[in-house]
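The residues making up each chain are set out below.
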Amino acid sequence: MSGDGAVTNGTESGITVTVKSFATFREVMETQLVLQLPGGATVQTLLAELTARYSGLGGMLFAAPGRLRDYVNILKNGRNVHFLAGLDTPLDDGDVIALFPPLAGG
Amino acid sequence: MQETGENERYRRQAAVVGEGGQAALARARIVIAGAGGLGSAIALYCAAAGIGQIRIVDCDTVEVSNLNRQILYRTGDVGAEKVTAAAEDLRALNPGVEVEPVRTRITAGSAASLVEGVDLVLDALDNFAARYALAHAAWQRGIPFIHGAVHGLYGQATTIIPGRSPCLRCIVPAPPPDGATPILGVTTGVIGSIQATEAIKCITGRGTLLTGRVLFWDGVRADVEILPIQGDPACPDCGGADR
Numbered sequence: 710m711s712g713d714g715a716v717t718n719g720t721e722s723g724i725t726v727t728v729k730s731f732a733t734f735r736e737v738m739e740t741q742l743v744l745q746l747p748g749g750a751t752v753q754t755l756l757a758e759l760t761a762r763y764s765g766l767g768g769m770l771f772a773a774p775g776r777l778r779d780y781v782n783i784l785k786n787g788r789n790v791h792f793l794a795g796l797d798t799p800l801d802d803g804d805v806i807a808l809f810p811p812l813a814g815g
Numbered sequence: 400m401q402e403t404g405e406n407e408r409y410r411r412q413a414a415v416v417g418e419g420g421q422a423a424l425a426r427a428r429i430v431i432a433g434a435g436g437l438g439s440a441i442a443l444y445c446a447a448a449g450i451g452q453i454r455i456v457d458c459d460t461v462e463v464s465n466l467n468r469q470i471l472y473r474t475g476d477v478g479a480e481k482v483t484a485a486a487e488d489l490r491a492l493n494p495g496v497e498v499e500p501v502r503t504r505i506t507a508g509s510a511a512s513l514v515e516g517v518d519l520v521l522d523a524l525d526n527f528a529a530r531y532a533l534a535h536a537a538w539q540r541g542i543p544f545i546h547g548a549v550h551g552l553y554g555q556a557t558t559i560i561p562g563r564s565p566c567l568r569c570i571v572p573a574p575p576p577d578g579a580t581p582i583l584g585v586t587t588g589v590i591g592s593i594q595a596t597e598a599i600k601c602i603t604g605r606g607t608l609l610t611g612r613v614l615f616w617d618g619v620r621a622d623v624e625i626l627p628i629q630g631d632p633a634c635p636d637c638g639g640a641d642r
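Residue numbers (our numbering), protein chains in the order written: chain A, 710 to 815; chain B, 400 to 642.
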């Protein structure tokens, strides 16, 4: 879902975020998409939306329900959510979210 | 030691880096950590470019399954120490380069001595335990660290300059699981060549480095994207430096 219209969720306005994927995440999802989410959305809201869209992504992101694999990097405008509030990190309108697993081979 | 401008060898690149740049390359001392796929591309291009002193570190011997990507070696090298075979190959390519082969495993204990006396560290490793140890030793001494890693047709690279960019722990806070990584040889060629380019730019002072940014190579789609990345403001090493 992409577009420029606001989405309402009760009394809150929606937000639009851009999601970019890298490396092996690209094997199960698009390289870039624009999503509308309800106001008050967090990283967890976003990941729920993405895992519902892309079968195969959930296993790459989560070690167990609600427990992100610790090596999965999720950047909010270049800042790793590990250093923010993790899955509870709030999202804002216009955010760019990058998802990537670090590569290790040499 | 080399004398710059002495022969035809560097004539085509002197037009790019200048006489001063070539002299800087001749004076430079680097360590290439890992003599595998990335290390092969990095070492060959750095030796060819005339980087004066190259320390190359690895603990393994050449296996036949290395040969799809580790282009420092030939079939006849199978069973040989990698660093010995690599040193021979690099000296044959450019006798003016001083090559120091070091056969050891990179650990928190050995990392400090391995970065001693070098201007630049090139990460051509295949695991994050060794990468973190080496990156930390380099950071503590103010030595630039050029990271690269690959998987299949995907690769990533970034340049870490102490005080001017986030550290490796901030860019990759937790290591992915260890294990044999699928790799197409050309992917190590792409990323290793980007790392060698960063090394040459760092030494000669040309261009813009990949500091505070990670380059992602996607060989499936022939796509490159560079992502700005910030550190952890609470990081004890870098404090989230992203200047």
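Just so you know, the hints here were simulated from the structure itself, not pulled from any lab data.
All of these numbers come straight from a predicted model, not from anything done at the bench.
Misleading hints may appear alongside valid ones.
Unchecked claim - On the chain A side, residues computed to face chain B include the following (Cβ under 10 Å):
(1) Tyr763
(2) Gly767
(3) Asn789
What the hints assert, rightly or not - Here are a few chain B residues that sit away from chain A, every Cβ distance over 12 Å (derived from the structure):
(4) Arg411
(5) Leu492
(6) Arg530
(7) Ile590
(8) Ala633
Claimed, not checked - Cβ pair distances, simulated, as ranges:
(9) Ala507(B) / Tyr780(A): 31 to 39 Å
(10) Asp779(A) / Cys458(B): 25 to 33 Å
(11) Gly765(A) / Ala633(B): 49 to 57 Å
(12) Ala479(B) / Asp779(A): 35 to 43 Å
(13) Ser464(B) / Val743(A): 37 to 45 Å
(14) Ala528(B) / Ala773(A): 19 to 27 Å
(15) Gly765(A) / Arg473(B): 25 to 33 Å
Virtual Cβ for every residue (Gly too), placed ideally from N, Cα, C.
Which numbered conditions among the earlier hints are violated in the structure presented, ordered from lowest to highest?
Checked against the structure, the hints that fail are numbers 1, 2, 6, 7, 8, 9, 11 and 15, while the rest are satisfied.
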